[in-house]
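Novice: Based on the sequences and whatever the hints tell you, model everything.
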Amino acid sequence: MARPTRGFFGRGRSPRSERLPPGQYDAGDDWPVLSAEVTPRLDLAEWTFTVDGLVERPVTWTWEEIHALEPSEYHGDIHCVTTWSKLDMSWAGVSVDTLLHAAAPRPTARYVMARSHTGYTTNLPLADVTGGKAWVAWEVGGEPLHPEHGGPARLLVPHLYFWKSAKWVSGLELRDSDAPGFWEQNGYHDRGDPWLEQRYQGD
Amino acid sequence: MTDAPVRPTAWQVATVVAVADETSRARSYRLRLSRPVPHLAGQHYVVRLTAPDGYTASRSYSVASAPDGSGEIELTVERLDDGEVSGYLHDVVEAGDELEVRGPIGGWFVWRGDAPALLVGGGSGLVPLMAMLRLARARGRSDLVRLVASVRSPEDLYYAAELPGPEVTVVYSRTAPPGETRPPGRLAAADLGPGPPPAGLTAYVCGSAGFVEHAGRLLVEGGLPVDRIRVERFGPTG
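Note that the protein sequences, when read in sequence, are chains A and B. All residue numbers for the first sequence refer to my numbering, where the first residue is 1 and numbers rise by one. All residue numbers for the second sequence refer to my numbering, where the first residue is 1 and numbers rise by one.
Treat each hint with caution, since some may be false.
Quick list of the computed label-pair ranges, beta carbon to beta carbon [to be verified]:
(1) A/Ala-2 <-> B/Pro-38: 20 to 26 Å
(2) B/Asp-114 <-> A/Ala-2: 36 to 42 Å
(3) B/Asp-82 <-> A/Ser-90: 25 to 31 Å
(4) B/Asp-114 <-> A/Thr-130: 39 to 45 Å
(5) A/Gly-76 <-> B/Pro-198: 46 to 52 Å
(6) B/Ala-138 <-> A/Ala-104: 53 to 59 Å
(7) A/Asp-88 <-> B/Leu-163: 40 to 46 Å
(8) B/Thr-175 <-> A/Asp-178: 48 to 54 Å
(9) B/Gly-200 <-> A/Glu-73: 33 to 39 Å
(10) A/Ala-2 <-> B/Arg-182: 58 to 64 Å
(11) B/Gly-140 <-> A/Gly-76: 50 to 56 Å
(12) B/Pro-177 <-> A/Asp-43: 42 to 48 Å
Because the hints were derived from the structure by calculation, they are not lab data. Glycine is no exception: its CB is placed at the ideal position from the N, C-alpha and C atoms.
Specialist: Written out as C-alpha cells, the structure reads:
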C-alpha cells in the first residue's frame, strides 16, 4: 500500500459496493462519453456486421438480419478505465456466441480483433468473447443505443474495461495471434481486467 | 535528465513546487517528478490519492506544460462540483506536498511539433492544447499551429496572460470582453478559419462531450476528413 496522501481521507466508500473493482467509483446516473473520434452518423440501411478471419465461412449480417437472430440480454455492471463504473445496466442485442456459431471458428483461432465503422480496433482473447460473456448490443435501458455511446450497435464485453467494448462495431476478425488494437498501441493493457486493474501496458 | 530507467506507467512520487490559480475554478500545479519521463504534448498523468485506511481515488489530468527537459510537469485541474480528487487538490494541496502520479499516458491525442495542427478547445479542454501551443512557441514554430479557445466569459479563460498571439483566437459563448467585435455565441464555422483546411492538417479537439461533437461536426462540414480529427472528451470524472 502506498503511503497516505497528506490530508486525504476520501469519501464515497461507505457503503462501497462490493461490485466496484479496485480504484473505481460509482458514476450513478452519469454516463461519461469517452472516445477518440468524432461520433459517426451511420445509416442503418448500409450498416453491416461481419465475422471473418480464421472461420469456416465468413458471415455478414445486415441490420435486419442481425435482429432476426436469437435475442440476448445482459444485466449488470460496466467499468471504464477512467475509473467510473455503472451498476445495474440492462443491455439487449445478440450474443457473440450466436454470431461465432454461424461463422464456425477454426481450431487455430485464439484471438479476435474487433473493428468499428470508424476504423477503431481493439484486441481480445477469443475466450473473453465466448461462453456468454460478450454481445453485440443495440439497446440499453430499453432504448436504442445513442450514437455517442456507440449506437447503432457496439460490442459489449462487460467483464473487461469498457474500451474493449468497441463503439460502432462493424465486425470481429478471428486470429491465431494477438496484436494490439487502437488504445493498446497507445499504452493501454492488452487484456484489461478491471478486477486486476490492468489499465496500462505493464500492469 | 532521467537518472534511472523507469517504466512510463510506474507510480512515482512528485513534489508540488508551485500552485497558481488560472481562474476561480481552475488551478495549475507544477510537479517535480522524482523519476522524470519525457512526455509528448497532449499526454496526461494519473494522480492517485491514498487515505490512511488504504482507500484510493485516482483521476487523469492533462499536462499543460510543453516537454522542456526540466523534469517538471504542470497539471491544470478544474474544480468539479462534488469532485473527490479535484476538491482535495484545490482545498488541501500546497507547495511542498507530495503526490503519487503515473504517466505520461496516451499516444493518440499528441502533437509532436512537426506538422500543421488546428487546436480547438472548450473550457478546460484547453489544457492539453496549451502544451501543444507552448511547444510550438518554444520551438519557434507557431506558424504550424492555430488555436481556437471557446469559453463562456473572460473570467473562464485559462492562461489568459500567456495565451494571446497571432495564432490564437478566443471565442466567447456567453459574455464577451469590452471591445470584442464578435458577438457572444456558440463556436461557429467562421471561427475555425477561412477557406478549406490545408492538406496535411490535423485537428485536435478537446472539451466536454457536447463541445467536441459540435466542433467535430463543424470541422467535418468544413471539409476536414474525419480521420484527420483527433478528439478528447472530458467527462464528469471529479
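Novice: Looking at the structure, which of the earlier hints fail to hold?
Specialist: When the structure is compared with the hints, numbers 9 and 10 turn out to be violated.
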